[in-house]
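These protein sequence lines are chains D and E, in that order. Residues in the first sequence are numbered consecutively from 16, following the numbering used here. Residues in the second sequence are numbered consecutively from 16, following the numbering used here.
Don't read these hints as lab results, they were simulated from the structure. Just so you know, even glycine gets a beta-carbon here, dropped at the ideal spot from N, CA and C. Incorrect hints may have been included.
[Stated by the list, open to error] Which residues of chain D face chain E? A few of them, derived with a C-beta cut under 8 Å, are:
#, residue
1, Ser107
2, Leu115
3, Thr169
4, Ala173
5, Ala300
6, Asp326
7, Glu333
8, Gln397
[Claimed, not checked] Here are some of the chain D residues that sit facing chain E, going by a computed Cβ distance under 8 Å:
#, residue
9, Pro110
10, Arg111
11, Lys120
12, Ala124
13, Leu130
14, Gln170
15, Val184
16, Thr185
17, Ser186
There are 2 protein chains.
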Amino acid sequence: MREAVRSGRLAGGTRLPATRVLAADLGVARGTVAEAYAQLAQEGWLTSRVGSGTRVTATEAAVMVPPPKLRLPSAHGRRLRYQLLAGYPDVSAFPRARWLAAARKALAAAPSQALGYGDPRGRGELRVALAAYLARVRGVRASPDQIVVCTGSTQGLALVSQVLRERGVTSIGVEEYSHPVLIRAVTSAGLTALTLSVDDDGAAVGSAGDADAMLLTPAHQFPLGPVLSPQRRAEAVRWAARTGALIIEDDYDGEFRHDRRPVGALQALAPEHVIYAGTASKALAPGLRLGWLVLPEPIVEAVAEAKSAADLHTGSLEQLTLAEFIRSGAYDRHIRRSRLDYRRRRDELVEAFARYIPAVHVTGIAAGFHAVATLPPDQDEQEAVGRAAARDVAVEGLGSYAIGHHSRGPALVIGYASPPGHAYTTALTRLCEAIASPPAPP
Amino acid sequence: MREAVRSGRLAGGTRLPATRVLAADLGVARGTVAEAYAQLAQEGWLTSRVGSGTRVTATEAAVMVPPPKLRLPSAHGRRLRYQLLAGYPDVSAFPRARWLAAARKALAAAPSQALGYGDPRGRGELRVALAAYLARVRGVRASPDQIVVCTGSTQGLALVSQVLRERGVTSIGVEEYSHPVLIRAVTSAGLTALTLSVDDDGAAVGSAGDADAMLLTPAHQFPLGPVLSPQRRAEAVRWAARTGALIIEDDYDGEFRHDRRPVGALQALAPEHVIYAGTASKALAPGLRLGWLVLPEPIVEAVAEAKSAADLHTGSLEQLTLAEFIRSGAYDRHIRRSRLDYRRRRDELVEAFARYIPAVHVTGIAAGFHAVATLPPDQDEQEAVGRAAARDVAVEGLGSYAIGHHSRGPALVIGYASPPGHAYTTALTRLCEAIASPPAPP
């Protein structure tokens, strides 16, 4: 069915048979069909609506959209009880028993040499599983040979930046608001960051001036939230083709789309010009330190060599475990569950703000697990952060993510995934109180 | 008992009570005492000899000695059936079931936040376990706060080199024969490698000229095999104290001492001048990618920052698993078993050479799991490597480890740990044939 949608045989809007009808046609259990529909809907290929059945999602030829990234909270913020920092998934939901079962199975099946020194690109088992997964869920076009497994996408970006620098790249366009860890990776390698402005269509890819490369979060701009529009995508790809430059696509939370139509990877439009960076940190747990790069063929060897020089290769046991976890479907199931939970949390956040502080506008909520709350213009961002901290709530101001000048009005970036479920409502209430309360007297 | 030996209360040569006597005195099982004696003997504190009982080992005030490191075989060598490359432990003996049991226990005990982003130095559980283990087994003086867990000691060395470079170090003394991966880590960071000659007392630490730092393998020079002598140790430490320079001690196989008296870490002599680098790659499995640095307090923060920039931190689940593995005693037991096996293999190698090719002298056999075989002077090293390859045996010439000019006579570096037990005798026989057979006609 994916192939039929991709190739156009099943046109957007086509209504699919009811699950019971298709199950009877195929001679399988109805539950099987329902499960397949649910998975395809999660991936964005199908859209279900009560009363109108299941239809093929209308997409514009492979042009879809992206989501946010890790925040290292300040030492201060870490000690607070209610953590509302962007980039932190709900690790209390980590499927420990299933992960251990995958580890057991993977280790039982692994040849001894899997425990020795290995390919700097990572284990073949995982690269095969990732190539299939990324093609299916994110539309990424990759062969396992083009994948380099890293200890998180931070390392991936650091290695890519280093290779670009060695190849003569000196400047890179980055979004005017970005994750500081990414900017550190880029600038540590000796690249100069040039800022790209961001609007409702995502990064203004034409504003990079003479940058030799670009770093984008197309599916869900971090932290502001817009999707890179189809026009901007086309423009970015044309720029890369014209100049021979490479675009790094940071697809940190690409699986977590709540509202809009599916947003595929930019990489699918121009695999020869886009370096795709993904991670298990948002979908599963940051503590795993597992990420991956999908690279244009001409730079695979250089990046593998940089990986080898950095740490030879990523640990094999977790790689084999993740491969088994993906293959068994446990990864898809965990993401589906997480997405439902994050959507519920997001809805609760939107409702709480609408009820208690209607003057505060919440944006960037179509995907992922963070949102941006624009404060009344007379509020000071840092004072609001301080009032939240006084209520034991850790949250960041938008200014913490400004690469250059913080040119926008006061706003908070709210990560809503990390408080445990039982503490979430309290965390929201305290945050609303902090925003609503008048600034403390000097 | 360790404390008593360390403090001198139990002098070297002191005869200990027989196990049955001490067991009766203490009211414990005789097996418990025997187990304790065996562990202390493994660590080098005690020496057992048939007929003379168990005695406290005579040591010269904390001056002991070290062991070898990873070899990335050529693409060619990798395909051969019998792998006799230095730096590869016997991964077929990896204790899979015990490792999984430790993973299960560790994951059950871990708080949720252990799955999130963490301290760049690594998990506290592992740093505490390592500090105790390294003090006990290697005499290393460290608090958990000074330890940075890395994805292997290659990364550790790369990070340290980077920090040294940032602090103005431009040159580093390295042993004239070393592992190429270490030299790559050092030079990639922008340091110039100056070679130190190596003799039977280890590296000639006075020959570094104006080097700003030194990289040594004191316990077991890699690949030649000598221990750094007490005089050289004292000289190295005096040099560091006089110049304010730092010494990096690569203790890659410090646990695998076969013959001599225990060889402690150089770090114990001057913790403020020595960076100690250890790894689980030799003791357990390279595929784990787990290593650690013990750092002088003034550079801990800079190295932790470099680690954070490189990949934030090492994966938490394996760290927790290794912590549990060490704490439970499984790490000690695995090392004890491996050491017995390696010693048996070494003895078989020495006997095979003595029987079949008595003209070939084997050295560097007091520790670890590799040896150096000096070929007759009319043999060409690379031809011998080629003849071995023709017999499906992968082995390296000493020249592969020469940092500068290969100034010594022809020799082979033989790693004897990696063939599975059942294939080992065949591998040795084929290697002896290759060395003994005349060069093929041109």
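Exercise for the section: Give me the numbers of the hints this structure contradicts, sorted from smallest to largest. Expected result: 8, 9, 11, 12, 15, 16 and 17
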